[in-house]
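A.B. asks: Here's the letter readout for the chains.
Number of protein chains: 2
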Amino acid sequence: MLEVISFINNNKENYINELKDFLRIPSISTLPKHKNDINKAAEFVAGKLTSAGISRVNIFKTEGHPIVYGEWLGAPGKPVVLIYGHYDVQPVDPIEKWNSPPFEPVIKDGKIFARGATDDKGQLYVHIKSVEAYFKTRGSLPLNVKFLIEGEEETGSENLEKFIINNTDLLKCDSVLISDTDLYTAGVPTLTYGLRGLVYMEVEVTGPFQDLHSGTFGGSVANPINVLADLISRLHDKNGKITIPHFYSNVKKLTKKEKTNFRLLKFSEKNFAKEAGVNELYGEKGFSTLEHIWVRPTLDCNGICGGFTGKGAKTIIPSVATAKISMRLVPDQDPRKIAREFTKHIKRNAPKSVKVVVKELHSAYPIMTSLNDKAAVAASLAMEKAFGKKTVYIRDGGSVPIVTVFAKKLKVSPVLMGFGLNSENLHSPNEHFDLNHFQLGIISSALFLDTYSI
Amino acid sequence: MLEVISFINNNKENYINELKDFLRIPSISTLPKHKNDINKAAEFVAGKLTSAGISRVNIFKTEGHPIVYGEWLGAPGKPVVLIYGHYDVQPVDPIEKWNSPPFEPVIKDGKIFARGATDDKGQLYVHIKSVEAYFKTRGSLPLNVKFLIEGEEETGSENLEKFIINNTDLLKCDSVLISDTDLYTAGVPTLTYGLRGLVYMEVEVTGPFQDLHSGTFGGSVANPINVLADLISRLHDKNGKITIPHFYSNVKKLTKKEKTNFRLLKFSEKNFAKEAGVNELYGEKGFSTLEHIWVRPTLDCNGICGGFTGKGAKTIIPSVATAKISMRLVPDQDPRKIAREFTKHIKRNAPKSVKVVVKELHSAYPIMTSLNDKAAVAASLAMEKAFGKKTVYIRDGGSVPIVTVFAKKLKVSPVLMGFGLNSENLHSPNEHFDLNHFQLGIISSALFLDTYSI
Numbered sequence: 001m002l003e004v005i006s007f008i009n010n011n012k013e014n015y016i017n018e019l020k021d022f023l024r025i026p027s028i029s030t031l032p033k034h035k036n037d038i039n040k041a042a043e044f045v046a047g048k049l050t051s052a053g054i055s056r057v058n059i060f061k062t063e064g065h066p067i068v069y070g071e072w073l074g075a076p077g078k079p080v081v082l083i084y085g086h087y088d089v090q091p092v093d094p095i096e097k098w099n100s101p102p103f104e105p106v107i108k109d110g111k112i113f114a115r116g117a118t119d120d121k122g123q124l125y126v127h128i129k130s131v132e133a134y135f136k137t138r139g140s141l142p143l144n145v146k147f148l149i150e151g152e153e154e155t156g157s158e159n160l161e162k163f164i165i166n167n168t169d170l171l172k173c174d175s176v177l178i179s180d181t182d183l184y185t186a187g188v189p190t191l192t193y194g195l196r197g198l199v200y201m202e203v204e205v206t207g208p209f210q211d212l213h214s215g216t217f218g219g220s221v222a223n224p225i226n227v228l229a230d231l232i233s234r235l236h237d238k239n240g241k242i243t244i245p246h247f248y249s250n251v252k253k254l255t256k257k258e259k260t261n262f263r264l265l266k267f268s269e270k271n272f273a274k275e276a277g278v279n280e281l282y283g284e285k286g287f288s289t290l291e292h293i294w295v296r297p298t299l300d301c302n303g304i305c306g307g308f309t310g311k312g313a314k315t316i317i318p319s320v321a322t323a324k325i326s327m328r329l330v331p332d333q334d335p336r337k338i339a340r341e342f343t344k345h346i347k348r349n350a351p352k353s354v355k356v357v358v359k360e361l362h363s364a365y366p367i368m369t370s371l372n373d374k375a376a377v378a379a380s381l382a383m384e385k386a387f388g389k390k391t392v393y394i395r396d397g398g399s400v401p402i403v404t405v406f407a408k409k410l411k412v413s414p415v416l417m418g419f420g421l422n423s424e425n426l427h428s429p430n431e432h433f434d435l436n437h438f439q440l441g442i443i444s445s446a447l448f449l450d451t452y453s454i
Numbered sequence: 001m002l003e004v005i006s007f008i009n010n011n012k013e014n015y016i017n018e019l020k021d022f023l024r025i026p027s028i029s030t031l032p033k034h035k036n037d038i039n040k041a042a043e044f045v046a047g048k049l050t051s052a053g054i055s056r057v058n059i060f061k062t063e064g065h066p067i068v069y070g071e072w073l074g075a076p077g078k079p080v081v082l083i084y085g086h087y088d089v090q091p092v093d094p095i096e097k098w099n100s101p102p103f104e105p106v107i108k109d110g111k112i113f114a115r116g117a118t119d120d121k122g123q124l125y126v127h128i129k130s131v132e133a134y135f136k137t138r139g140s141l142p143l144n145v146k147f148l149i150e151g152e153e154e155t156g157s158e159n160l161e162k163f164i165i166n167n168t169d170l171l172k173c174d175s176v177l178i179s180d181t182d183l184y185t186a187g188v189p190t191l192t193y194g195l196r197g198l199v200y201m202e203v204e205v206t207g208p209f210q211d212l213h214s215g216t217f218g219g220s221v222a223n224p225i226n227v228l229a230d231l232i233s234r235l236h237d238k239n240g241k242i243t244i245p246h247f248y249s250n251v252k253k254l255t256k257k258e259k260t261n262f263r264l265l266k267f268s269e270k271n272f273a274k275e276a277g278v279n280e281l282y283g284e285k286g287f288s289t290l291e292h293i294w295v296r297p298t299l300d301c302n303g304i305c306g307g308f309t310g311k312g313a314k315t316i317i318p319s320v321a322t323a324k325i326s327m328r329l330v331p332d333q334d335p336r337k338i339a340r341e342f343t344k345h346i347k348r349n350a351p352k353s354v355k356v357v358v359k360e361l362h363s364a365y366p367i368m369t370s371l372n373d374k375a376a377v378a379a380s381l382a383m384e385k386a387f388g389k390k391t392v393y394i395r396d397g398g399s400v401p402i403v404t405v406f407a408k409k410l411k412v413s414p415v416l417m418g419f420g421l422n423s424e425n426l427h428s429p430n431e432h433f434d435l436n437h438f439q440l441g442i443i444s445s446a447l448f449l450d451t452y453s454i
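Here the protein sequences come in this chain order: A and B.
Under the working numbering, the first sequence has 178 at position 178, and the numbering climbs by one with no breaks.
Under the working numbering, the second sequence has 6 at position 6, and the numbering climbs by one with no breaks.
Rather than coming from a laboratory, the hints here were simulated on the basis of the structure.
No incorrect hints appear here.
Here are the simulated lysine-lysine pairs, DSSO-like style, with alpha carbons at most 30 angstroms apart: (1) A/K311 to B/K337; (2) A/K355 to B/K266; (3) A/K314 to B/K347; (4) B/K61 to B/K20; (5) A/K344 to A/K285; (6) B/K97 to A/K311; (7) A/K241 to B/K355; (8) A/K270 to B/K352; (9) A/K314 to B/K311; (10) B/K355 to A/K311; (11) A/K347 to B/K270; (12) A/K61 to B/K311; (13) A/K241 to B/K238; (14) B/K337 to B/K285; (15) A/K314 to B/K97; (16) A/K314 to B/K344; (17) B/K337 to A/K314; (18) A/K238 to B/K355; (19) A/K314 to B/K270; (20) B/K389 to B/K374; (21) B/K162 to B/K40; (22) B/K355 to A/K285; (23) A/K314 to B/K238; (24) A/K352 to B/K270; (25) B/K311 to A/K337; (26) B/K266 to A/K352; (27) A/K311 to B/K359; (28) B/K344 to A/K241; (29) A/K359 to B/K311; (30) B/K61 to A/K311; (31) B/K274 to A/K314; (32) B/K35 to A/K314.
Looking at chain A on its own, in the form it has when it is part of the complex (with noise of 0.2 angstroms):
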């Protein structure tokens, strides 16, 4: 292993010169204007792998954006990795409030910043240099790999979804390796076991057919804007928990294992508050802050829009409203089940003045991995030597839709071997990916391959 560990080490600056590159493509999915970007992001993944070593890549063409597949299997015998990410990135409003701009990496304090940095095109690419510096000093990996490396992972997965389901022959495997998580704190090894689920609506309230004078009708007809706050506002009662009806009859507890762990963590509630910017942490009543992120389903609208906008005063009632609401779901709520009590939920307390139209976006389910299985303990153990100090096990509040799709299509328990940070702004202006994170991620990733082989 040593040749391979001072491969990585020499080859610092290349990773970041490279991942530069990589961060130069603005490849957001969600926008269709970026489809040229999308396709430059996924040829550039393509030829790392190729230029790896990686034996057979292929550029799979989808109803969305394409997903970029390469295998290496000249290990028989050995087990077989799927090493997935994802190469889209987030939009980058509000653009004002970026310090550089979100496609031209900056170095600062030891940290890269661009749009994507830790999320996730810093992540996926430490696996394609680990493979690299097997085959660049040993000629051949210790196992089996295949990557799958997507371009829609912001929007949902869809068409990965639908691939996995079509192609389970090719990506046939022992383990799903995933860098797509965060480490509980700077350099401390971490694990991930728990993901939220996730279930994306929209509520579209229309009142009369176009907007209309408040002198003249106010008080007189519904107020598309006031019906959607009213219909916001019942989706919690006082206590902060969620009113729709059977929206916990699934949600597990935490177990004995779990709380001791937890504690174990030292968890900072101020360190927290910190990091979100708030000067007080606000969640449901009788539950820890740990718990409102990892454990407890949640609420949140996010982004509302109606009526006026501009600056001034404009004195009318507006046609439409519309809101964005989403759901985190845990163990073992269902998605689907979940829209139909949210829509059902929201139909029933409109008004009959108004139209209500509720659309289910996206969604995804929750998940908990194995931390038993052979491939968890040997990620353990590889972060635990790249690191130096002990692996810790935390669950997180977000989602990775496919993650659900490879443990149940592909019959394995995923990997969550993460390196971001939850401070990194994935998502906000200003992402970031920690440097040192990256070169350690590399590692962890080459002792993984090893450790895993034998």
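Position chain B against the provided structure of chain A, taking the given hints into account.
C.D. replies: Structure of chain B alone, referenced to chain A:
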């Protein structure tokens, strides 16, 4: 009077052609690039007043747009009427919805289509022409007249208010006559005796200092949209009553006489719902629709904005959410008090975990004018004679802020003798004015001057 009326009837075509010239001037007060057009419109009015026979005409400069003043005081011992109007117009967006260019007047089905046709160029021009008819036939007016025509009505009449306060001697009068309201319905002579007031607020809720990932933080921080929705929701109770403390304290009840009057109007809820473009009307329990729009104070969200409002999904907890909320007030509510109570109420209901800023954008006092005032009685009789029907008495849900200023500063009861229709698209594309009402307006004005002089 016969010679005056037949002069008016003989000049119908001339009036229309002159009005067309007036309407061709794009005097949009809110857009700085129309500064020159504003001046042109002021000069147009001044010129027409002079040629009509008004002896002393002046264009007063202000910090904003000029005020046109003219007076003829050749009837000592007779009442002094101040005639108010505004030569400025609303912007034209959305321009693509106009069937003909907004500043190229077109006549169709007896209506003249152009921006400002009914609001207020067509209506104010009525009085210039009635005065002219007297001078051209008799060489004098039966009473004393002062004209006060401003160019900032559509932006809040700020400079006119200052002008009135600083020139109460110049403007001293027995009555203020305004034509900037509507007929109850086509062909029915109408006096408006009540206007609602207004207080327009903006509420900004700030949570985290930047948008957060709803997975990482969801459940642990207060979401500004959810908080704002809750604050808005709590402004009404389930019966549609506004919950702000002391909100209704000074609301005048409908008198028996008004109730009788309302019944005489044979208001059709069905037609009103059709005009509003809704299937079902909606309002405060225990009151009729006419009461909802004329007699009861209301609260409407005019706009709301926060978080991600593009297409698709973005899983964020937004940093900020903002709403514009305005209240229509009725006698004797005081907008300053209501603004204070609103602000206190909002701040009291907001959780400590967010920052709430409440701003007052503008306001107007509600007003009820006297129908027993000599001028009001004269106006009612004059319209009755001109239209050949009984005059009806209505209130209006909208606000004309300057009316209260006249009442307070000049200590008179303004007479609201309007000739528009609320279906004439004021503030919307394809604004128009019924040319029959234009002609009847000139006759009504002439008859008013005569009747009031006796």
